[in-house]
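Visitor: Chains as they are written, first to last, in UniProt numbering: chain A, 1 to 110; chain B, 1 to 110; chain C, 1 to 110.
Be aware that a few hints might be false.
[What the hints assert, rightly or not] Under the rule of at most 27 Å between Cα atoms (straight-line distance), these lysine-lysine pairs were calculated in the DSS-like manner:
id, chain 1, residue 1, chain 2, residue 2
1, C, 15, A, 15
2, B, 15, A, 15
3, B, 15, C, 15
These aren't lab readings, by the way, just hints derived from the structure by calculation.
Given next are the chains, with one letter for each unit.
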Amino acid sequence: MHRTVVHLNDADPTKIQAVLQNVTNLYTALGPDLQVELVAHGPGIAVATEPVGELLPGLLEAGLQVRVCQNTLTARGLTPDRIHPQATVVPSGMAHLVIRQSEGWSYLHP
Amino acid sequence: MHRTVVHLNDADPTKIQAVLQNVTNLYTALGPDLQVELVAHGPGIAVATEPVGELLPGLLEAGLQVRVCQNTLTARGLTPDRIHPQATVVPSGMAHLVIRQSEGWSYLHP
Amino acid sequence: MHRTVVHLNDADPTKIQAVLQNVTNLYTALGPDLQVELVAHGPGIAVATEPVGELLPGLLEAGLQVRVCQNTLTARGLTPDRIHPQATVVPSGMAHLVIRQSEGWSYLHP
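Model the full assembly from the supplied sequences, consistent with the hints where possible.
Guide: Now the structure itself:
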């Protein structure tokens, strides 16, 4: 089993599309033995608050977990109902990235 | 205890502010059980050579260590007295990031 | 022995030069006890398809391995003979970065 966090803190739609394509390739390469969390904070929460194209539904079906930073939501005055229904909130995106690595997960920031 | 290095190689003041805010959130989330080194090289040494706003003093008080790359100082003809008095110099920022990870520290590049 | 992957997904020649300089500094600091793989995918494969200046030959001689993503080559309709003769192809750059970390390698994305 491979486990990796993918760090996203960019709101640029082209960048978000590229990251989702990267994660798609990761699932294609490593198959069902893969667990991925896309950790979005700062401008990167756009992946869960804006339409981001056609790749996300397939990724969610493949098992991708999208984690959105509560600190960012608070700083922007957003409530959790403003994010994608399949995304979940973590208290701090940065802390989540540290915690997962301490649990042995890999880290990618494409 | 969580330990993490934070990689900074960008001189843009807005980016540096965002990174310092990210580290602030990290301390808020993980509290005193956290050790952070901000490793600055290339253009990122601006965090230790230029005024970077109000977040740095509080972070230094919280225990943040700022490590500045000697290779970068040498390449720019800067002497260590040109950096923030609480920052310290490491021979190579890149090598320091590798060494810390081999010691079990997490890695973040926001 | 230190082992690290260096993630490259940027085609900007100035950025590629900076990354190659970073890797050069890494070899200078950690000497022969260092193993580095530069993992290029997406726009980053420019390091293996375009002229990138004078640092690459010395790095290859020092032992640097350049790994190019097959997914990227396929997406761009490129055959492996279009890449640098000393670069090698991996099925997925992203997956390679995860696999190496699971084998204990450090990760850097300058």
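Visitor: Taking the hints in turn, state whether each one holds.
Guide: Hints, one by one, checked against the model:
1. Taking the CA atoms of residue 15 of chain C and residue 15 of chain A, the gap is about 17 Å. The hint holds against a cut of 27 Å.
2. Between residue 15 of chain B and residue 15 of chain A, the direct Cα distance comes to roughly 17 Å. Compliance with the 27 Å bound is thereby established for this hinted pair.
3. Distance hint between residue 15 of chain B and residue 15 of chain C is fulfilled; the C-alpha atoms sit about 17 Å from each other, no more than 27 Å.
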